[in-house]
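Chemist: As given, the protein sequences belong to chains G and C, one line each in that order. For the first sequence, counting from 1, position 9 maps to 9 in our numbering; every step adds exactly one. For the second sequence, counting from 1, position 107 maps to 107 in our numbering; every step adds exactly one.
A hint or two may mislead.
[To be verified] Straight-line distance between alpha carbons at most 27 Å, and here's what the computed BS3-like set of lysine-lysine pairs gives:
(1) G/LYS24 - C/LYS102
(2) G/LYS52 - G/LYS38
(3) G/LYS52 - C/LYS52
[As the list claims (entries may be wrong)] What follows is a list of derived Cβ distance ranges for each label pair:
(4) C/ASN126 - G/SER16: 34 to 42 Å
(5) G/ASP13 - C/ASP185: 17 to 25 Å
(6) G/ASP122 - C/LEU69: 52 to 60 Å
(7) C/PRO114 - G/SER37: 24 to 32 Å
(8) G/ALA53 - C/LYS135: 46 to 54 Å
(9) C/LEU69 - G/ALA53: 39 to 47 Å
(10) C/PHE32 - G/GLY117: 13 to 21 Å
(11) C/GLY20 - G/LYS102: 32 to 40 Å
(12) G/ARG17 - C/LYS135: 36 to 44 Å
(13) G/LYS6 - C/MET115: 29 to 37 Å
(14) G/PRO114 - C/ARG35: 15 to 23 Å
[Stated by the list, open to error] Examples of chain C residues toward chain G, derived with CB under 10 Å:
(15) PHE15
(16) ARG28
(17) ALA36
(18) GLU46
(19) GLY54
(20) ARG124
Hints are computed from structural coordinates only; laboratory data are not their basis. Everything numeric in this text was worked out from a predicted model, so none of it was measured. For each residue, glycine too, the CB sits at the ideal point set by N, CA and C.
Number of protein chains: 2
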Amino acid sequence: MSALAKPVARLIDEFSRLPGIGPKTASRLTFFLLRASKEQVDALAEAVRELKAGIVLCRECFNISETPLCSVCADEQRDRSVICVVEEPLDVLAIERTRDYKGLYHVLHGAISPMDGVGPADLRINELVERLRTKPVREVILATNPNMEGDATAMYLARLIQPLGVTTTRLGRGLPVGGDLEYADEMTLARALEGRRQF
Amino acid sequence: MSALAKPVARLIDEFSRLPGIGPKTASRLTFFLLRASKEQVDALAEAVRELKAGIVLCRECFNISETPLCSVCADEQRDRSVICVVEEPLDVLAIERTRDYKGLYHVLHGAISPMDGVGPADLRINELVERLRTKPVREVILATNPNMEGDATAMYLARLIQPLGVTTTRLGRGLPVGGDLEYADEMTLARALEGRRQF
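Based on the provided sequences and hints, a complete structural model is requested.
Modeler: Written out as structure tokens, the structure is:
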């Protein structure tokens with residue numbers, strides 16, 4: 001487009017590569033930033049640039065962290081006999097927001113989905129089994145998403161974990177079925193935690 | 001949130017400040033970038049950082065430009081006797097996409113909106129009148145948005161321009177009323193250009 005300055009076209013392009021951002025939204029965001037203060041634009045650029053600097057996966061639970069051991073795993077107050085297994089780091093945040101859970105986490109980084117070519121080996125499942133073998137864990141809460149892939153993953157994990165003599169529970173179905181765990185409100189999630197039942 | 005690494009929280013924050021991006025979308029985008037390649041993240045950061053570098057407003061039409069005179073105003077092939085008045089630089093893009101318009105532009109950078117405290121003096125209206133006084137312009141197409149503010153602005157401009165002996169037209173109402181010009185598809189916009197009528 002001859003009428004479009006190159007730096008503008010470039011940012012529209014980059015925004016369009018983000019999930020859920022179409023070309024129209026990308027244009028809107030770009031033209032918003034064109035009118036925004038230099039401070040705001042620089043703050044955004046800096047935040048993007050620094051995103052990955054110093055971010056690692058926790059060596060215990062594979063949540064994102066700034067330290068080799070994340071703040072939850074390092075917290076002496078947490079109950080080390082319970083591990084809540086989630087698909088994504090965002091799910092840890094959702095559960096932390098309930099302030100109802102005092103155990104540890106394990107982040108799988110996905111769910112089993114043959115359609116998308118994601119098998120058990122692509123997730124942090126071996127690492128979970130290793131934790132259960134070496135640490136005194138009494139309960140694993142399978143808090144994968146309440147949808148097909150999440151349920152399949154929970155089923156797979158339950159079968160894998162039960163021979164180890166660890167109790168496996170699933171979040172109570174206060175959760176809207178077919179949804180994403182990270183969108184649940186605190187109350188629903190808190191009730192789902194309370195109402196968890198044995199697999 | 002103790003479970004949230006600082007660089008992650010910071011980017012979620014910055015994304016949330018963009019229009020139409022709530023905290024959930026901001027989280028999604030941030031976690032997407034956490035998994036994206038370093039190349040993609042750096043490209044986005046660079047595109048944001050460089051957005052304003054070298055961007056100026058064209059001294060003739062006030063469209064965004066990389067040169068003092070924008071590529072449309074500098075183009076010898078364009079018909080200098082017609083000026084299309086639009087609210088925003090994005091509207092220039094929308095009309096250029098029709099490939100039906102060969103005249104020049106004038107970007108107001110907004111519309112008259114007493115509710116938002118935007119009066120004629122806040123827009124590039126004096127500069128438009130000056131152009132009409134000093135350049136041999138035969139027609140001004142008032143292509144402000146087909147909504148209340150856009151119509152009010154067009155009406156105001158029409159009254160201002162008619163004494164100068166310049167024909168003023170408004171885009172034909174093939175446009176959906178109440179909408180935004182930049183969302184119109186090429187065909188609708190092309191038809192609206194054809195069907196323009198005297199004010």
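Chemist: Next, verify each hint and record whether it holds.
Modeler: The hints, checked one at a time:
The straight-line distance between the Cα atoms of G/LYS24 and C/LYS102 is roughly 24 Å, inside the 27 Å bound, and the hint therefore holds. Simply put, G/LYS52 and G/LYS38 have alpha-carbon atoms about 23 Å apart, close enough for the 27 Å limit, and the pair holds. A threshold of 27 Å between alpha carbons decides the hint, and for G/LYS52 with C/LYS52 the separation of about 24 Å falls inside it, so the pair holds. Between C/ASN126 and G/SER16 the CB atoms are about 36 Å apart, so this pair conforms to the stated range of 34 to 42 Å.
For the pair G/ASP13 and C/ASP185, the beta carbons lie near 21 Å from each other, so the given range of 17 to 25 Å is met. In this structure the supplied range 52 to 60 Å holds for G/ASP122 paired with C/LEU69, their Cβ-Cβ distance being about 55 Å. Taken as a hint, the range 24 to 32 Å holds for the pair C/PRO114 and G/SER37, whose Cβ atoms sit roughly 25 Å apart. Roughly 53 Å separates the CB atoms of G/ALA53 and C/LYS135, a value that falls within the hinted 46 to 54 Å.
Between C/LEU69 and G/ALA53 the CB atoms are about 41 Å apart, so this pair conforms to the stated range of 39 to 47 Å. Our hint of 13 to 21 Å for C/PHE32 and G/GLY117 holds, since their Cβ atoms are close to 19 Å apart. One distance hint, 32 to 40 Å for the beta-carbon pair C/GLY20 and G/LYS102, holds here, with the actual separation near 37 Å. In this structure the supplied range 36 to 44 Å holds for G/ARG17 paired with C/LYS135, their Cβ-Cβ distance being about 41 Å.
A hinted range of 29 to 37 Å holds for the C-beta pair G/LYS6 and C/MET115, which are about 36 Å apart. Separation of G/PRO114 from C/ARG35 is about 21 Å and conforms to the stated range, judged on CB atoms against 15 to 23 Å. Given the 10 Å rule on beta carbons, the hint for C/PHE15 holds: about 8 Å separates it from the nearest Cβ of chain G. For C/ARG28, the interface hint holds, since its Cβ comes within 10 Å of a Cβ in chain G; the closest pair sits about 7 Å apart.
Taken as an interface hint, C/ALA36 checks out: its beta carbon lies about 8 Å from the nearest beta carbon of chain G, inside 10 Å. Interface hint status for C/GLU46: upheld, as the beta-carbon distance to the closest one in chain G is roughly 8 Å, under 10 Å. Checking C/GLY54 against chain G by beta carbon gives a least distance of about 7 Å; that is within 10 Å, so the hint holds. The beta carbon of C/ARG124 comes no nearer than 14 Å to any beta carbon in chain G, farther than 10 Å, and the hint placing it at the interface is violated.
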